[in-house]
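The lines below spell out each chain.
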Amino acid sequence: MSSDLYSLFLEPFIEFSFMQRALWGCLVLSLSATPIGVFLTLRKMSLTGDAMAHAILPGAAIGFLVAGVSITAMTIGGVIAGCIVAVLAGVVARHSNAEEDSSLAAFYLLSLASGVLIISAKGSNMDLLHVLFGSVLALNNDALILLTSIATISLVSLAILYRPLVFECVDPAFFKSVSKLSSVAHFSFLLLVVLNLVAGFHALGTLMAVGLMVLPAAVARFWTEKLGSMIIIAFVTSVFSSYFGLFLSYHASFATSPAIILVMGVIYIISLLIGKRGGVLTHN
Amino acid sequence: MINIIDLCVNYKDSLALDGISTEIKEGDLVAVVGANGAGKSTLLKSIMGQLKPSSGHVDLGQLSPKDIAYLPQSHQIDRKFPITVHEFVSAGAWRRTGFWRIFSNTEKLSLQQALSKVNLIGVEERQISALSGGQFQRMLFARMLMQDAEILLLDEPFAAIDAQTTMDLMDVIHDCQKQGKTIITVIHDLALVNRFFPKVILLAKHLIGSGDTNLVMTGENLSKAGYQHIAYIPEPPPSIIKIETKIERNIKLNIKQPVNTTAICSNPEHYEENAS
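Chains as they are written, first to last, in the working numbering: chain G, 353 to 636; chain C, -8 to 267.
It should be emphasised that the hints constitute simulated quantities derived from the structure, not laboratory data.
Check the hints yourself; a few may be wrong.
[Claimed, not checked] A few chain C residues that don't get close to chain G, going by computed Cβ distances all over 12 Å:
id	residue
1	M(-8)
2	E17
3	G52
4	K99
5	H197
6	E211
[To be verified] The calculated EDC-like cross-link candidates involving lysine to aspartate or glutamate, where the alpha carbons are at most 20 Å apart (straight line), are:
id	chain 1	residue 1	chain 2	residue 2
7	G	K528	C	D58
8	G	K578	C	D69
9	C	K108	C	D166
10	G	K578	C	E115
11	G	K396	C	D69
[Stated by the list, open to error] A few chain G residues that face chain C, going by a derived Cβ cut-off under 10 Å, partial list only:
id	residue
12	L394
13	M397
14	V518
15	V522
16	P524
17	F526
18	K578
By construction, the Cβ of each residue, glycine as well, lies at the ideal position given by its N, Cα and C atoms.
Let the hints inform the model, and build the full structure from the sequences given.
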């Protein structure tokens, strides 16, 4: 019995280094992406996050065009493209009469179309699948070092920016009146979002990267009203989904990143129904 | 003294303030009055230095924007954000603590005093989303008190709260005035302005008038400010003010009102009860 359980739940992660690497990649990604996702949803910027995730694609595609499947080139391209769209979205919101959601949708579609076009022009269908859905089962040392570095930078930055971010979220007008850090906090946060989306892009692909940020945060909001607890619940949700998604991928031969996101999706639906804070069936 | 000199401010592409010149003395209690879009909030933001004037300037004398405490309109605040009353009010000490420093015992004491002044002791660990409209406004006042600033700018502090809370918070404002603080309040309720604010700035993008309330709030000026259908309510005689004050104290002490005096009490319909 115990050997059956061992072979079912643990063996894949002990016997195979690609599964260990995949689990490690998802764990470090969860460490940094989930707190950022919590702030992203609290700031009502989930759609912005989605648009930025897609904005990374043309930058990564240009990196691919220049250097092939190179972690460094695709990362640099992705970060630059993500930052450009973050700034452009802000400029459009301030200086145009266009609604913010339609502007974001326009950026999202343009980015996706141009990225797919660039990759299709030079690469194969496999390359296209790699950037759209990631390659979590093929994370090499370079990719793991990148993910771990991004997680470290993100956690240190979040520790420093935590209070400014909280006050900037809850009452931006007041915070602007007492601190010049208001815009520093905002743009540093956007940079952290871009960095984590690039990290997520390597593991889960451009279409799924934002899922690791937004879904665990959305789950957490159904279970607690405290920010600290929200971050912990989001992290636990992400880690469990990563493990169970990899488990399903190994045993049932599911595509890995959609499997991870679908597990999160199931947890989200359960929380939506029975979550103690605003769940459909438990809400007064 | 705050000197506002020929202040013009453009907001996006339109003129929000046009050539405002006035002065506010140290320790003044001033109401900023005007119809929607008259530039009241713009004036506060210009005094804080958040909006750059297209011409003219605001001179704070020996003070700086760091000496200003700001109470924003409550609708600008994300009331669903997961933060406790204690954490929210502690933001008032930001200039002293920044984002590095630990909250000292002195700051903890100031926080307790601020909460006590607005009758919010016992709800420190409650989430702000769980507060009633009146409690929420009291919390904003507590944060403002925590700032311990020389100039207080309040943007519609009595919007959508009940009469009792309004009176309690007016007491807090009067206490601050007694300490010599300069208080500038954007306010829509003309009855409150007439009753509690000795000075007024009446705006309609340009300055209609500023100075003593009874001299500025004339029917003619109010009409110029866009209050076409509102007749000016004159200052009640001192005897009535005395009775009203007594009634307010009775309300605080939960003493039943005599039937014949309730008619001259502040009309509760002036203050919209917050449904939330």
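Here is what the structure says about each hint:
1. M(-8): Per Cβ check, M(-8)(C) is outside 12 Å of chain G; nearest 21 Å; holds.
2. E17: Holds: least Cβ distance 20 Å, greater than 12 Å.
3. G52: 19 Å, holds
4. K99: 16 Å, holds
5. H197: Given a closest Cβ separation of 25 Å, the condition holds.
6. E211: The claim stands: E211(C) keeps its Cβ more than 12 Å from every Cβ of chain G (closest is about 34 Å).
7. K528(G) x D58(C): With Cα atoms ~14 Å apart, K528(G) and D58(C) stay inside 20 Å; holds.
8. K578(G) x D69(C): 15 Å, holds
9. K108(C) x D166(C): 10 Å, holds
10. K578(G) x E115(C): Roughly 14 Å separates the two Cα atoms, so the pair holds.
11. K396(G) x D69(C): 10 Å, holds
12. L394: It holds, given that the least Cβ distance between L394(G) and chain C is near 6 Å, below 10 Å.
13. M397: 12 Å, violated
14. V518: Because about 6 Å separates V518(G) from the closest Cβ in chain C, which is inside the 10 Å limit, the hint holds.
15. V522: 4 Å, holds
16. P524: Interface hint status for P524(G): holds (7 Å vs cutoff 10 Å).
17. F526: 5 Å, holds
18. K578: 6 Å, holds
In this structure, the one hint that does not hold is number 13.
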